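**Q** Dock chain V against chain G, hints included.
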Amino acid sequence: MTLPDLQSPLALQYGGPSGGAPPETEDVEVALESLSQWQLAWRRFKLHRLAAIGLVIFGAMVLVAILGPILLPYDPLFIPNATRPGGDAPSLAHLFGTDNVGRDVFRMVINGARISVTIGIFSMIIAGVVGVFIGAIAGYVGGVTDNVLMRVVDVFFAIPFLFVILVAARFFGQGQLSSLILIFGLLSWPLIARLVRAMFLSLREADFVEAARAVGVSDIRITFRHILPSALGPVIVAMTLIMASNIVLEAFVSYLGFGLSEDQTSWGNALSNAQTVLSQGNWWWAFFPGMAIALTVLAINFIGDGLRDALDPRSRL
Amino acid sequence: MTKFIIRRVIQALPVIWLITVVSFLLMQQAPGGPQAAFNQNPHITPDQINAWLARWCLVRDADILQTIQEYFGWLGVYNCTGGGFLSAQGWPNFLPTFLGGGTNGVLHGDFGFSISSGQPVLDMITQRIPATLILMGTAWILWVSIATFVGVLAAVKRYSAIDQTITIFSYIFYSLPTFWLGLILIFIFGVELRLFPAQGIINVRTSPAPFATDAYWKAFAANPWPQIVDIGQHLVLPVATLIAVSVAGDSRFVRSAMLESLSQDYVRTAKAKGLPGRTVVFRHAFRNALLPIVTNIALEIAFLFGGAIATETVFSWPGMGLLFFDGVNGRDYFLLMGILLIGSLFIVFMNLVADVLYVMVDPRIKYD
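From first to last, the protein sequence lines are chains G and V. Numbering of the first sequence is given in our numbering, commencing with residue 64 and proceeding in unit increments. Numbering of the second sequence is given in our numbering, commencing with residue 7 and proceeding in unit increments.
Next comes chain G alone, as it looks inside the complex (with noise of 0.2 Å):
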């Protein structure tokens, strides 16, 4: 059954006793009908007005990063004429401008979108796989292998991140998208291991852990099938954070030249060569391809924030 006045935003933001119509006594007993956790937290977003702005624009990106390639393909390596030293400034013809060698930036953008995406998307899944496994052990099965994986952690949160990265995308990266996933991936699961290991030292007491166990629940179950959903809130919230920080690292690291080779076209490849020529007045080449990074990163954070509030059990709505 819909409720109307429940979905629209307003009625619950602004309603309460201070303002709004008081709910009709029908809309209560809906109410009362049993919602998961997950549709409660689902309810929760969509009234994230910002989360909402988030979801559309992270949306749009995804679907330029799929369609964008195949409807303006665009080849790094071909280089048409350029008409003038640094590059044309935007025009009809050009959207964002084109580069020193006439390449269009319009098109650099929109082609860029796929790598930085999929950077994005992969290293945070690989970040959140790989720390969540380790979080569980270590916060179910405590002891030394505790003891070990944490200060395993502990080696990742003193290394100096950046340094690392760039030594590590340096030497092993040689260009390939694959291996800057990879390197990403495994260099930001550190956090999501430590947040997963708190919850389960904390939940690993809880009362219905205790009651599966005196059921007879396997070790495994417990903890993927009880202690684990209770604990994906803020482990969703830092995933959606992991991901925005290695989109803006990945076109770092590009930038600095460490990054994708110069066949791909990412975001970063766009910027890379951008500031030899900023102080010919050619600011297109460097400004777009940053706003989509910002914008990409701004819808992110919008979209983290939205869960946040969502998968906050102590909100309520």
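Misleading hints may appear alongside valid ones.
[Said to hold, decoys possible] One side only, chain V facing chain G, incomplete, derived with CB under 10 Å: (1) Phe155; (2) Tyr177; (3) Phe185; (4) Leu187; (5) Ala316; (6) Val320; (7) Val334; (8) Ser350; (9) Val354.
Source of the hints: derived by calculation from the structure; they are not laboratory data. Remember, predicted model here, so these are calculated numbers, not experimental data. The beta-carbon is built from N, C-alpha and C at its ideal position, and this holds for glycine as well.
**A** For chain V alone, kept in the frame of chain G given last:
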């Protein structure tokens, strides 16, 4: 307290040791090496390369055992000039020198020599530290004070127009990539408006000597004001870049800490007693909100170290970040190891400071 500090230091040692092991193995097992510069040179024979590498106690295409040997050499456990694990005196090499141990390796305070420049690594690093400290110190002081002010303001005026504006701007700035913001600032204020210098730390045309050399400090001591003005002008853009992004994140943190504290019972009590609003906010709410803020600040100093690399490369700021960047390019193993070691020590030290500050700010917490 002393016991707590000692225990923390002892816990930190294996972590730092692991960091050096991991980074050395990572670097050494990666394809290529410092000899890559000679790859295209037909006049240099493989024997010459081997002899050249041997001067740094390195082996070309080292297998895992040789890599471990090289690592021990860097650490000071192994004596590559012939003694193996024994020093020239015939004692174990890792012992302190005055007990008959060797003189090489970080255990004996020897960080080795840079492969590309031949200078002692420690000298190169200490020469770069002032530039990083000037940049990061200025940025840090400014951003902590601005973030605290803005955050408290947003919390006290919650949901007002000011709060909303601050929120929107912090969302936007928080999403900007630091290095890109630097590029844009360079373009606007350095290239178009020509208000501030865009590159470097000093004006090389008017400066008496290159930065951080002895001659420079001598000129600085004789007449500091022109140099201070010079550095100050060069500081504006990189500091603005660092501040914009960091204030955005930190002011949110201060705001939520302050909101948490404002919603406590003792604040309501203070208000009910009829205390003036200013006293309630600063003496009651803010002092309690300081606890998470102080810890956060101390932890962030550690990140300054890594954060320097983005700003320093964009602005050609001659600090440690740029030095590391050059080291990665030249595969300068010992320089990289030196910076990594000092950087990790710094992070571990700042974590300890954060814990100690925690106790000092909040008398309810006790470690023992």
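**Q** Take the hints in turn and mark each one as holding or not.
**A** Comparing the hints with the structure gives:
1. Phe155: violated, 23 Å
2. Tyr177: holds, 7 Å
3. Phe185: holds, 5 Å
4. Leu187: Holds, because the Cβ-Cβ distance from Leu187(V) to chain G comes to roughly 8 Å (cut-off 10 Å).
5. Ala316: For Ala316(V), the interface hint holds, since the closest Cβ of chain G sits about 6 Å away, which is under 10 Å.
6. Val320: With Cβ-Cβ at 7 Å, under 10 Å, it holds.
7. Val334: holds, 5 Å
8. Ser350: holds, 5 Å
9. Val354: holds, 6 Å
Of the numbered hints given earlier, the model fails hint 1 alone.
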